[in-house]
Amino acid sequence: MEQPTVQKPVQAGAATSRERLLGERAPVGTRVGAGGRSWLVASIALAGAVAWPFVFPNPFIVTVGTLVLLNAIGASSLHLVIRTGHVSLCHAAFMGVGAYAAVLTLMKLGLPFPFNLLAAAAVPAILALLIGPVVLRLTGKYFVLVTFMLGEIIRLVFLEWTSLTGGANGIFDIPPPWPSLTTPTGFYFLSLACSALCVGLVLRILVSEIGRSIDSIRESERLAGCSGVPVVRLKVVVFIIASGLVGIQGGLHAYLLHYIDPGSFTIVQSMNFVVMNVIGGMEHLAGALIGTVFLVTLPELLRGYVDVQHVMFGIILIFIMAAMPGGIVELVARLRSWRAGQAKEEQAS
Amino acid sequence: MLTRAVLEQVIINGLSLSAIYVLVALGFTLLFGIMRVVNFAHGAFVMLGGYALFYLYGTFKLPYPLAVPLAALIVATASLLLELLVFRWFYHKMLQSMIGLLGLNMALVFSAVLIWDVYERSIPPAFAGLLTFRGLMIPTDRLMIICIALIVLLAFWLFMTRTRHGLAMRAAAQDVDTAESQGINTSFIYRLAFFIAIFMAALAGGLYAQTYSLSPFVGEQTLMVAFIVVVLGGMGSIPGAALGGVILGFSESFISTFYGAAASSFVSFGVVFILLILRPWGLLGTPETERS
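From first to last, the protein sequence lines stand for chains A and B.
The first sequence lines up with residues 1 to 349 when you count with my numbering.
The second sequence lines up with residues 350 to 641 when you count with my numbering.
Mixed in with the good hints there might be a few duds.
Claimed, not checked - Label pairs and their calculated CB-CB ranges:
1) Val41(A) to Ser471(B): 52 to 62 Å
2) Asp524(B) to Met324(A): 52 to 62 Å
3) Ile464(B) to Thr297(A): 38 to 48 Å
4) Gly263(A) to Ala612(B): 34 to 44 Å
5) Ser530(B) to Val41(A): 46 to 56 Å
6) Arg204(A) to Asp466(B): 30 to 40 Å
7) Phe482(B) to Ala168(A): 36 to 46 Å
None of these hints come from the bench; they were simulated from the model.
Glycine included, C-beta positions come from ideal geometry on N, C-alpha and C.
Given only the sequences and the hints, what does the whole structure look like? Please build it.
Quick look at the structure:
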């Protein structure tokens, strides 16, 4: 099988019609060889993440950090799917499959910890391999609808397969995998390692040749197919990788909370992943990560106002979708181009 | 266990469920067919309709035949403000509308939690007792639901087929640009379609909440139902929504009576899942030509 080569690589975040109209370009950070700047930002972020538990040793704050890191896995893997132009509403269901796989291999089979994590990635990936070729032939709204249904079906399986999953009660008293992982800081660094690997993998895929093909699929499936991109096969591969990654998040979540139940893997959590991508900006991996930080820390800071916070999120979501579909990343880019324009004016005068 | 009495009850339950489902799904499909908006907030309007009836009938004790349409009317009129503030931004933007309106759903549902708290309320039943008709026992409240729904559906059908505005609405659904060039005021038509859709959803909400119970989360169930019905019948297809509603109402009534509620939801999700893959445009819909 020859490598899919697109003659003229479609640029990451290629201009949508609106942007063409406004004569501005979306910021392109994952471009091949975008150079030192994005690597600098990435390493600063990583250094900050490593320093976090030393700067704030409070276990609560460390655990909030852990949650951010774990959700970054889910958000960035969903970002990979969204980049193909498909918004999936069953991402949390795959996370649940991963969580149950990890817990059951630990508690029923007694496998050691690395195998649990492996199962957490492998089982959802296999499920995605089975389902992907069927559902990924649908596009646009039909894909959204079918994944919505799929998420509900998987949730019902969690709920009804009582002998295996414990039904609505879930599974509790999940033992910690390693004694050293009982401390919040220990678990934080495990999450950091996993998260960095997963997000790094997503970034690596996006800046590679495959990333070009993924972008070309989003812009036009038919044209991409004509240019030699194996559209459905590539989408299935992306779907499998994304499901495997979010499965890892599920497994780690189970260890963090020592408890899983079907209620954690509903459409609400799937929507959270979508919202993280939307708030940050859907055309950009950085958007997914910014959205994650925003969406995970804000609820923790606003504990006690859970309902108000939901209302607020709803309104933010409406506003972003109506006025600024590019999310925070687009906002930053607009500010930057506005400032650049001002500087130019000053020079001219 | 399949006696005549059980069968009768299953059929009557199926009919009243179908009536509510058709009302919810018709509005959903109307919004999709005309404005290309996937209204994920539909369940929230159903819930608001329930609360409106709770206050008008349960608290203020208005006579039932007045309270039911008035409740739906109030919700629909108030929603026109939301049309102005929210929906207008999302017309003909399908994917954005899905996410944005999920946001609206979240905002409305949790505002309801803030105002009314999460506990369940019940609307007092309007009619008690059974109507016996040649050995056929019909609970009066179920019969009432079926009648109300039939009246509204008939009015809706007459409106769509016999009036100028109905004709304009169908024209706008087929092709907005051509409709506009023929002098149809599409923004008025959109508002009208929105009003009708929300009216039916809120009406269904009142009836649903009275039969079951009322909480801020009552909309989730009905949204799911609207989804299934609309996908089953074909998105944007009005006869499809009616057919889908009847199929779902009866199958749910049968399967949940004989095999339990879980089996019923498995079957309906499973069937829709398979249908989406094999025939994504639904039973009565038409396949769309690809547009960019």
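Against the range 36 to 46 Å, how does the distance between the Cβ atoms of Phe482(B) and Ala168(A) compare: consistent or not? holds, 41 Å
Quick check: does the Cβ-Cβ distance between Ser530(B) and Val41(A) fall within 46 to 56 Å? For Ser530(B) and Val41(A) the Cβ distance comes to about 51 Å; the hint holds.
Is 30 to 40 Å a correct range for the gap between the Cβ atoms of Arg204(A) and Asp466(B)? For Arg204(A) and Asp466(B) the Cβ distance comes to about 49 Å; the hint is violated.
Within 34 to 44 Å: is that where the Cβ-Cβ distance between Gly263(A) and Ala612(B) falls? violated, 21 Å
Hint check for Met324(A) and Asp524(B) - Cβ pair distance inside 52 to 62 Å: violated, 30 Å
For the pair Ile464(B) and Thr297(A), does the Cβ-Cβ distance stay inside 38 to 48 Å? violated, 28 Å
C-beta pair Val41(A), Ser471(B): status relative to the range 52 to 62 Å that was hinted: holds, 56 Å
When held up to the earlier numbered hints, the structure conflicts with 2, 3, 4 and 6 and fits the remainder.
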